[in-house]
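Visitor: Here's the letter readout for the chains.
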Amino acid sequence: MERQDRTLQWPITSYKIRISRKWVPYLFISPFFVLYGVFGLYPVLYGAWLSVHKIGAFSAPQFVGTQNYLRVLSDGVFWRSIGNAAYFLVGSLGVILPFALLLALLLNHRVVARAKGFFTTMLFTPYVTSVVVIGIVFAYLFKTSGGVLNAALEVFGVAPVSWLRDPTWAIPVLILIALWNHVGLNALYFLAGLQNIPTELYDAARIDGASGAERFFHITLPLLRPISLFIFFQAIIGSFSVFGQPFILTNGTGTGTNNSMLMPTVLLYIEGFRKLNFGYAAAVGYVLTLIMLAVTLIQLYLFRDRDRERGT
Amino acid sequence: MKRCRVLKVTAILLGPLLLGATLAQSLTLWTFAPLHATFFEEVATQMSERYPDAEINIQQIPFDTLYDRLATLALAGGRGAPDLVDVEQGPFNRFVGDEMMFEPLDSYLQASNHEDSIVRGKLDLFSWDGQIYGLEHALTPVFLYYRADVFEEHGIETPIETWGDFYEIGMRLQEQDVALTYSPLISSTRMAMADVLLQQRGEPTFDAEGSPNIRTNDYAEVHAMLQRWLDDGIAVPVETTTDFTGFLNQERYVSFIGADWTGGQLRQQVPDQEGLWRIMPLPVFEEGQPRTGTWGGTGLTMLKTSRDKEFAWEFMELAQLTVSNAIRRFELISLYPPLKAALDEPALNEPVSYFGGQSVGAVVADIADEIPSQNPSRARTLYAEAVDAHFFDFTKGDLSAEQFRDAVADELDRLISREQ
Numbered sequence: 183m184e185r186q187d188r189t190l191q192w193p194i195t196s197y198k199i200r201i202s203r204k205w206v207p208y209l210f211i212s213p214f215f216v217l218y219g220v221f222g223l224y225p226v227l228y229g230a231w232l233s234v235h236k237i238g239a240f241s242a243p244q245f246v247g248t249q250n251y252l253r254v255l256s257d258g259v260f261w262r263s264i265g266n267a268a269y270f271l272v273g274s275l276g277v278i279l280p281f282a283l284l285l286a287l288l289l290n291h292r293v294v295a296r297a298k299g300f301f302t303t304m305l306f307t308p309y310v311t312s313v314v315v316i317g318i319v320f321a322y323l324f325k326t327s328g329g330v331l332n333a334a335l336e337v338f339g340v341a342p343v344s345w346l347r348d349p350t351w352a353i354p355v356l357i358l359i360a361l362w363n364h365v366g367l368n369a370l371y372f373l374a375g376l377q378n379i380p381t382e383l384y385d386a387a388r389i390d391g392a393s394g395a396e397r398f399f400h401i402t403l404p405l406l407r408p409i410s411l412f413i414f415f416q417a418i419i420g421s422f423s424v425f426g427q428p429f430i431l432t433n434g435t436g437t438g439t440n441n442s443m444l445m446p447t448v449l450l451y452i453e454g455f456r457k458l459n460f461g462y463a464a465a466v467g468y469v470l471t472l473i474m475l476a477v478t479l480i481q482l483y484l485f486r487d488r489d490r491e492r493g494t
Numbered sequence: 025m026k027r028c029r030v031l032k033v034t035a036i037l038l039g040p041l042l043l044g045a046t047l048a049q050s051l052t053l054w055t056f057a058p059l060h061a062t063f064f065e066e067v068a069t070q071m072s073e074r075y076p077d078a079e080i081n082i083q084q085i086p087f088d089t090l091y092d093r094l095a096t097l098a099l100a101g102g103r104g105a106p107d108l109v110d111v112e113q114g115p116f117n118r119f120v121g122d123e124m125m126f127e128p129l130d131s132y133l134q135a136s137n138h139e140d141s142i143v144r145g146k147l148d149l150f151s152w153d154g155q156i157y158g159l160e161h162a163l164t165p166v167f168l169y170y171r172a173d174v175f176e177e178h179g180i181e182t183p184i185e186t187w188g189d190f191y192e193i194g195m196r197l198q199e200q201d202v203a204l205t206y207s208p209l210i211s212s213t214r215m216a217m218a219d220v221l222l223q224q225r226g227e228p229t230f231d232a233e234g235s236p237n238i239r240t241n242d243y244a245e246v247h248a249m250l251q252r253w254l255d256d257g258i259a260v261p262v263e264t265t266t267d268f269t270g271f272l273n274q275e276r277y278v279s280f281i282g283a284d285w286t287g288g289q290l291r292q293q294v295p296d297q298e299g300l301w302r303i304m305p306l307p308v309f310e311e312g313q314p315r316t317g318t319w320g321g322t323g324l325t326m327l328k329t330s331r332d333k334e335f336a337w338e339f340m341e342l343a344q345l346t347v348s349n350a351i352r353r354f355e356l357i358s359l360y361p362p363l364k365a366a367l368d369e370p371a372l373n374e375p376v377s378y379f380g381g382q383s384v385g386a387v388v389a390d391i392a393d394e395i396p397s398q399n400p401s402r403a404r405t406l407y408a409e410a411v412d413a414h415f416f417d418f419t420k421g422d423l424s425a426e427q428f429r430d431a432v433a434d435e436l437d438r439l440i441s442r443e444q
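Just so you know, the protein sequences line up as chains R and C, in that order. If you're matching positions, the first sequence starts at 183 in this note's numbering and goes up one per residue. If you're matching positions, the second sequence starts at 25 in this note's numbering and goes up one per residue.
The hints are simulated quantities; they were obtained by calculation from the structure and are not laboratory data. All the given hints hold, so there is nothing to weed out.
The calculated lysine-lysine pairs, modelled on DSS-like cross-linking and capped at a C-alpha distance of 30 Å, are: (1) C:Lys364 to C:Lys328; (2) C:Lys328 to R:Lys236; (3) C:Lys333 to C:Lys364; (4) R:Lys457 to C:Lys333; (5) C:Lys328 to R:Lys457; (6) R:Lys457 to R:Lys236.
Put together the whole structure using the sequences plus the hints.
Guide: Right under this line is the structure:
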């Protein structure tokens, strides 16, 4: 009788129910895997295949083994781009992070906190501004003749500087643009970190007679370590993948004088799309990924070690 | 039985559609220039009159994006590729090599008796390894554009015969705070300008085989001259691509070296200066040299993967090899046609109101026989890199013109060997 009722409710066999119940969850999660497979995994695997082949326009692929990788490792231009990205990274960390932390501390102060909404909007706006717009505006600011910056310096008797053409200034200019572009977002990250620090810690330190500097160095900075780690990773990824600004600032060459603005991703683009060296470009991508992976692992290891020392 | 009936009905309904899809001609064309797109739309309308069922799709794609897409298609073996593509001569050099993605046009030109229809120099620009891959839009002769009102005001006689005279006029104008011309600090524009002057001296940057021809005295002297214009103040520096038109608007210089297509840019960018500009043949270094050069150029190419090559060729022939469309393009874009049969057409010699009623055609006819060829070379992209490496030091004065020449030549040799 019971069996008959079930048949009435479900006009399919229990075997089919078992099958469908087994597959339904997979069906639900499949969109992610399908999209990831097509747009994530496939390009990664195809890139790996490309990196061990020599391919020109419409020509049959030719297996070259590790030749492309060996060429990347011995290519001065590639290492120049890595050097530029490392310089940009160090500069970004050294300039943007202190500024961002300072801004976050100001925003966290009770006087400024009243207008926090206004300030956070102001700080976030550069981050959502189009890279192209930023590039064009800063290209005007940094022009040698008629540029705003040189006009301002002229007031103090400073001779015009070729900001965008002089290799000495290429990366500092990029750092300055990155400062304007990213300081707000990083300040907001720090602000989120600051707001997670329990106020009781500061109260207790104050009662114990800790000065403001002592409270900052012994409470604020150590407790900001997790968010700092996150910002560091973001900075590494951002520095090695910067693309739009050098392109616009160099009138579309992407390289600057004597490759002074050449970034690894720009090199990858130039090799792949301008010179049609697809295999070599893919190898550049893989070597770059491995370098970034190594840097990230080192950093993770260092942070983990310190956390262990502190017993956290 | 039921399934069989469904199949029959589907076949009856979809049959004509599928048949139509197979038989109707279709063609997709990519171009980067808005005015070229307008011109091709008109040609598409003419084709539609011949083939009412044909589907012709003209797509305008931004310059860099078009070549990025073309590169991607090259990698993908041409799947989803258009039939015809407008290729600018610079990027064309990227795509030349052992395996060409373009269809050779020699047999089509031969079959339609058009082997000698286009000026040879302009066919050379889109040739590789003895085969022709593109049909040029323009003759791209280079003129000296000048502000007739300013020249008249300062009593400057035209045409200016030599570059020496040009320099002296520049120095005279400079005393009255007028810059005669501009000199680019964008390395790619500077080398294109230098290339024109080197063509005049019979020593182009790349020889007929596409090999670099840099270690010459001419190369150093031409670059020294362009730099002297800047250093001595007869030229204003142009640092960005927007400076060119920006400075025109501000009237910061009163003459410049430019190809015929620059005339179209002038009309678009500074329409309010209509009637003030004129053109003249280029001054020369020495008597007997060509009073012009060639700068830039865009060719219509057919991809190897085109689904209907005959139909695509018919479109190409109509657009690039008929006198009526050569005239129409001249009217629309101010491009003087490279089609020999059109050169004597009265319509091309009409007065142009933007140039104060001057006949551009008459100036072109005067210098037509002197227009040199521009040789394609796979190494042009690398040459740009080589120049870029030392251009700043040269313009700053840290390198002499001779040192700059040697540094560029050495760098180019290094880059070529790196590619191999």
